[in-house]
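Protein chains in written order, with the working numbering: chain A, 1 to 304; chain B, 1 to 460.
These aren't lab readings, by the way, just hints derived from the structure by calculation.
A few of these clues could be false.
To be verified - Calculated lysine to aspartate or glutamate pairs in the EDC-like style (CA-CA distance at most 20 Å, straight line): (1) B/Lys334 to B/Asp255; (2) B/Lys112 to A/Glu196; (3) B/Lys166 to A/Asp57; (4) A/Lys64 to B/Asp364; (5) A/Lys165 to B/Asp224; (6) A/Lys64 to B/Asp224; (7) B/Lys114 to A/Asp57; (8) B/Lys112 to A/Asp57; (9) B/Lys301 to A/Asp57; (10) A/Lys64 to B/Glu444; (11) A/Lys64 to B/Glu269.
Since the structure is predicted, the reported quantities are computational estimates derived from the model, not experimental observations.
Residue strings, one per chain:
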Amino acid sequence: MAKTSKKGVKNYTSPVFTRRMYYFLIPALAFFLIFWIYPVLQLFYYSVTDFNGINYDFDFVGMKNYARVLSNGTLTNSMKNTLIYAVMTVCISNIIGLAVAMILNTKIKMKGLFRTCAYFPALFSAIVVGFIWSYVYMPGAGMIANLITMVGGDGAAFNPLGNYKTALFAIAMVEIWKGFGTTMIIYLAGLQTVDESLLEAASIDGCTQWQQIKWVKLPLISSTITINVILSVISGLKAFDYSFIMTNGGPGKSTKTLMFQVYETAFTDQKMGRASAFSVLAFAFIILITVLMLLYMNKKEVEL
Amino acid sequence: MKWNKAVSMLCAAAMTLSMLTGCGAGGGNDEPAEAAGADEEVSAEAKAPADIYDHEAIENAGDITLTMMVSGTAYENDFETEQLPNLVKEKWPNVTLEVTKLPDDNYYTSLKTKLASGECPDIILTQPMYAGQNSCYSMAEAGYLTPLNDLDAVEGRQDLSSVTYKGDIVTLTNSISILGCYYNKDLFAQAGITAEPQSWDEFLEDCKKLQDAGIQPIVMGDKDQYVLQFGLYQLAANEIYSKNPDYDTQLRTGDTSFTDEGTWDTVLEMYKTLYDNNYIDASQSLGYGASQAITDFIDGKAAMTFDGSFNATALTAEGAAGAFERGYFPIPGKEGVYTATCLGAGYSIYSGSDYVDECKELLDYWMDGKSDVWKAYLSTGRTIATYGEGADSTPNYDLFKPFIDLLNEGKGFYWCNQAWPAGTETEMEALFSEMVGGQGTTVEDITQGMQDKFEDLLDD
């Protein structure tokens, strides 16, 4: 409980939460400073050096790394790929997650089993999922190619990972497949907080199912939507796993995302300084997008 | 308020400390030694050893523990992690060899961390020239590697230039890695091909014969873009290095360029021909991984694949097509046959080790060409040795023999990326994929892209 002293300063203590309790913050704060703040500051530091990851006899190069990242086209390409990937994963995984959550929130038989099945892909690691889907997408002998052949199509021509126009969408679909279960669980939790009496009242007032969703359920779970969308945006903008496992950034540079480019600059090109500059810019970009999204979504929540 | 202030001050202190520590990391490079002058020749003939190491260092050392770190996957009865420590213990009961074997990425991360903290193992695995994140040139430049010029195992060897940095041999390696073209002899016979091609034109004719016979000539897993190197480096050996062995050295001095006519443009154009004629089906290969291409080859779905000696076991395994006979030849060039055969990874001694002479004695024993350790090392089948007892009993030796002969005739050249700053080859691969994937990229775009990347990477 916050009390206000005579000088107008709030005193955040109470008989239960005494000043002594603040000592318990120290371990967590120490870990936070050592394992988060310190490495982040190191990142800023390395971003103005020509450190190659091996030789610690490096020099300061000022803003050269930033200038190079901005001028050599890698940032533009990877940012474009990342945005496409993020928009796809955010939209589709939220739509599917919400739809499945609504279905599984109704009184149907074996809904526990269906909920488990929907969440099941989220239990696998990205490595496993990436390898499985590499074979699902494999041209000629892959699962989808075989299905196409079975129904009389040309399975050999099905090559989503080898095609410049489809590779990014193909890996985004894998992310959606793996991630929609988590989104669904959060929506399900939100939907279960919707008061049945409100739905009943809406029904008595003559609302159709769609009107109930639009005017009752969605406004009441708006904070859940915000959480899910923001989490998906952050996850989408940090995309790395499937570009790395399934396409290695290819074909060409068509699936190189921001994080993949950071990895490649640091560990293939051995330009740790430049990769740090790239990370700083990517960090700023992700923060900017997330904050803007959060402000927009919060505003929408209030309007609803 | 006081607490807020205290927390703020703590944060500020931590930030200041981190900045100071960071600054210290750059300046405090007192161990190991400073790099030599940048204008000196990087690779040169090995210097004569100034001192001879103590050949009885281990015997006089008492009980010691030597540490070693290598990359790879440990198998059952693994050589490095199990056999080697046991054999060393048998030879020298006072020595305990502790070996850590890590997957590649973990190895690189761990190596960098240990080097930075001055806690590097005594013996480490390094790659020739500038290849990989554990390249011996980068590490020697940073002063992390001990010169090995006084080892008995390097005496008289003339093939170590790619592990010699400014006159010092810094990596001891005895194995070679080969790039070539694996082929299915049954499918060749089916298409009426009776001999291995000896020129580029013959090679193209053979591809045409196979295609006309309804056989896919070549399968490649271009989704793993690094496999593009398997064909391109062979053609580079034929068309570039055979004419100018110093091409890459001159790239660094600016005397040559990737955009020079008759060099990489020729190589890329030749390789592109295979895609233009559908001898390699780009519409499929760009979606195929390297392992899927190997599977197709052993299943008899394609007559050839470009790959390395390191994948010989997988490529000679029995697949759906049964135990058909396989051959292995270097892709021929327009004016002769050369081979892209290079020294493999080897072992270096950390310059900050407390047991430099002991490690040298151990390496000398291991690589003497006859010891029990040597025999166990060769029996793994993962090493193609160029000397010593049992070198000719390496599994698949018959496949590799023509390449070793070419190497001995002076017709072998290292893999291009070993001489380039890491990252040049990934630019080449990405742009080549764009070209064969129909993105409008031209050969000129690729050579220009390679040159730009090369200069960019060397710029710092």
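To see whether the hints hold, each was checked on the structure:
no. : hint                 : result
1   : B/Lys334 to B/Asp255 : violated, 24 Å
2   : B/Lys112 to A/Glu196 : violated, 59 Å
3   : B/Lys166 to A/Asp57  : holds, 19 Å
4   : A/Lys64 to B/Asp364  : violated, 46 Å
5   : A/Lys165 to B/Asp224 : holds, 18 Å
6   : A/Lys64 to B/Asp224  : violated, 32 Å
7   : B/Lys114 to A/Asp57  : holds, 16 Å
8   : B/Lys112 to A/Asp57  : holds, 14 Å
9   : B/Lys301 to A/Asp57  : violated, 52 Å
10  : A/Lys64 to B/Glu444  : violated, 28 Å
11  : A/Lys64 to B/Glu269  : violated, 36 Å
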